[in-house]
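2 protein chains.
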Amino acid sequence: MTLAISVLDGDRLALARLLTQVENNHPDGLAALDQLYPYTGKAHLVGVTGAPGTGKSSLVNQLALYYRRRDQPPRVGVLAVDPSSPFSGGAILGDRVRMRDLAGDQGIFIRSMASRGSLGGLAAATSNLAQVLDAAGYEIIFIETVGAGQAEVDIARHAHTTLVVETPGFGDDIQAIKAGILEVADIIVLNKADRPGVENTERVLRGMLQLASVEQPVDYLGHHATGEEGQTLVKQKSSAWEIGIARTVATEGQGIGELAGMIDQHRQYLKASGVWQQRERQRIQAELDALIHANLLARWRKHISEERYQQALNSLVKREHSPIQVAKALLDGDEI
Amino acid sequence: MTLAISVLDGDRLALARLLTQVENNHPDGLAALDQLYPYTGKAHLVGVTGAPGTGKSSLVNQLALYYRRRDQPPRVGVLAVDPSSPFSGGAILGDRVRMRDLAGDQGIFIRSMASRGSLGGLAAATSNLAQVLDAAGYEIIFIETVGAGQAEVDIARHAHTTLVVETPGFGDDIQAIKAGILEVADIIVLNKADRPGVENTERVLRGMLQLASVEQPVDYLGHHATGEEGQTLVKQKSSAWEIGIARTVATEGQGIGELAGMIDQHRQYLKASGVWQQRERQRIQAELDALIHANLLARWRKHISEERYQQALNSLVKREHSPIQVAKALLDGDEI
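Note that the protein sequences, when read in sequence, are chains A and B. Here my numbering is used: the first residue of the first sequence is 17, the next is one more, and so on. Here my numbering is used: the first residue of the second sequence is 17, the next is one more, and so on.
Heads up, a few of these hints could be off.
Since the list gives no way to pick one copy over another, a pair counts as held whenever it fits inside one copy or between any two copies.
Computed cross-link-like contacts, DSS-like style, restricted to lysine-lysine with a CA-CA straight-line distance of at most 27 Å [to be verified]:
#1 K287 to K58
#2 K318 to K344
#3 K334 to K58
#4 K58 to K344
#5 K318 to K334
#6 K344 to K334
#7 K318 to K287
#8 K344 to K287
#9 K58 to K318
#10 K287 to K334
I should point out that these hints are in silico values taken from the structure, not numbers from a laboratory.
The following block holds chain A by itself, in its conformation from the complex (with noise of 0.2 Å):
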C-alpha cells in the first residue's frame, strides 16, 4: 500500500512521514502529491502572520482547541513555518507547551517545518504540505508564519483567509506602520489586547485601514518614499468585505470565539461571492506557473556545458561583457 492510500485512509504516521518526504522534494512524496491531487481542494486555508512575539503560536492554539470543542467539530491541521533558522527549537518549546491541551486528540494534526532555500520555495513546499492534509480531510488549515517579510505575505497569499496579528504599543507607531502587512489582510487581530494602549493601536490600524482602502496612489503623509514617479503599491481590495479588527488575549482563551466567527463569516463571504474560486485559480496559476518555471531552468542547464556557462561567468566578472549581454548570448547560443 502506498503512503498516498495511507494517507487517504487516515493513518497519522503515514501522514507524518508523507510529510516529510514532501517537504524535502523526495520524488516518492512528490508522486505521491500528483496521486492525492484529486482529493484537495476542499480545506480552508487560514493564514496567520505578524511580527515575532506577537503571540501568534498561543493564537493558533487557541483557535485549533476551540474549533475542535464544537458541535460536529472540523479537522484542524496547524502547519507552522519557521523562518531561515537553525535555533527555532526554541520556539517550539516555548510556544507549543500548551499543546498539551490538543495532545491525543486525532482531530488535529501539528506540523512544523523550517523555512529553508529560497523564497518560491518556502511558499511552495508550505502549499505542498497543505494540499497532503487537505487530501487528509483536515477542514480547517492554519498556516502559521513567523513575521512580516515577503515569504509570510507571499504565504499569506496562498491562503483563503489571512489574519494579520498586531498588538497594543509593539514598538512605536511608525515602527508599526513599517511592519505593515495590513494589504494582505482579511481579518486583523489585536491580541495581548489587555495590554495599556490598545485603544490608540486599534485606533491607529482602523486609520490605515481607512487610508489603504482610499484606492489612491497617496500614502498618508500624502505623497510616496519611492521617489519621482510615485507609484500606487496599495492593493485593490475585494470591496465587499470589510476587514474587521478582533481583540483576543490568547494566553487567556479571550474572544476567540468572536475570532473564530469572523473566520467563519469571511469563509461564507468567499464562497458566496465567488471570490472563493478565483483565489483558487489564483493558487493553483502560481504553482503551475513555478513548476514550469523550475523545469524550463533544469531543461535549459542540461543544454549548457559547464565550460561554457563558467567562461561567461568569467566574463562578467571580467567586466568584458554585461549581465544582459552574457544571458542572452547563452540563450540564443551566440559568441561570448
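Chain A is already provided as a structure; the job is to place chain B on it using the hints.
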C-alpha cells in the same frame, strides 16, 4: 549626453533620475545599467538588517557621518529598502529627520526604495541600484533592510559585509532567537546598548554564535524542529573570520568608530583571503541566473497560446490532472 555618461560625470540629478528608471525597470534604465557595468565592482557593499525598532536607520546615518568626517573620506551611498508597505512615508519622516546632519554633503547620496513585487525582484532591484551607485563612484554603500525575512537575508547575501542589528531585551530570548538571521551576520551590532539587559542579550548572542560555529546539524536544544530527518541548516561560515559583537548607542553616536573599524577590518579580511572575489563571483552568478530565468519564461510564454494555457489551468481547477502532469504536458507540447 546619456544619463549614464552624466552619472559618470558626477551629476547628482542625473543619478537620481537613473536610479528611478532602474528601479522601475524602465528599458532606458536597463540600457544605462549595461553601459555602466564596466565601471562597477569597486564599492564595498555593507548590508544592515535586523528586526523593526532596532534603530538601523540611525545607525546607518551615524556610520555615514563618521565615514564622511574622516581624512580623505570615501563617498558614501545609502540604499534604504522598505518592505511591502505603502505606508512607509512615516518611516522616512521618523527616521530620516537627523539626516539634516548629512544634508548638503555632496559626498553622500541617500535613496529609499519600496519593496515591491516578488522577492527575486527586490533583491535584483537592490543589486541594480547598488551597481549604479558603485559606477557613480560611491565607495562604501550601506544597504539597509527592515525586518528579518527571507527577502532581507537574500539582500544581505548580496553584500560584502553584513551587519545584523539586535537590541537588548527585544522581546524575550526565545523571540530574539526566532528572529535570528545570525547565519548571514559578519558583524553583530548590539544597538541601544545603554538599555537594561545588554549583558544578558550579549551572552545569549555569543552562545548562539558558538553553537552556530559548530558545523553539526544540531540546534541549541540538541535536536531539530524540522521533523524526523534532521537536516543541517547552519550555513558553513568561513572559519577565518570571527564574528564580532559591537555595542552602540546610535542616537548618541556611541561605539560608531569601533564599529566602523570592524567594518574596515572585515573588508581587509575579505580582500586578503580571496573571499571578496568569491562573493563577487557568487553575486554575479546569481544575477546571471536570474536574468536567464526571466528570459526563459518570457520566451516560452510567447510559444504558448493563451487558450491552451487557460485550458490547462481549467483541467487543474477541476482536478482532472495534477500540476506536475500539466506542467510536463505544456512543456512537452503534449495533449492535456
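The hints, checked one at a time:
no.: 1; hint: K287 to K58; result: within (12 Å within a copy, 56 Å between copies)
no.: 2; hint: K318 to K344; result: both (17 Å within a copy, 16 Å between copies)
no.: 3; hint: K334 to K58; result: between (54 Å within a copy, 12 Å between copies)
no.: 4; hint: K58 to K344; result: between (44 Å within a copy, 25 Å between copies)
no.: 5; hint: K318 to K334; result: within (26 Å within a copy, 33 Å between copies)
no.: 6; hint: K344 to K334; result: within (18 Å within a copy, 38 Å between copies)
no.: 7; hint: K318 to K287; result: neither (45 Å within a copy, 35 Å between copies)
no.: 8; hint: K344 to K287; result: neither (46 Å within a copy, 31 Å between copies)
no.: 9; hint: K58 to K318; result: neither (39 Å within a copy, 34 Å between copies)
no.: 10; hint: K287 to K334; result: between (57 Å within a copy, 16 Å between copies)
Taken one by one, the earlier hints fail for this structure at numbers 7, 8, 9, listed in ascending order.
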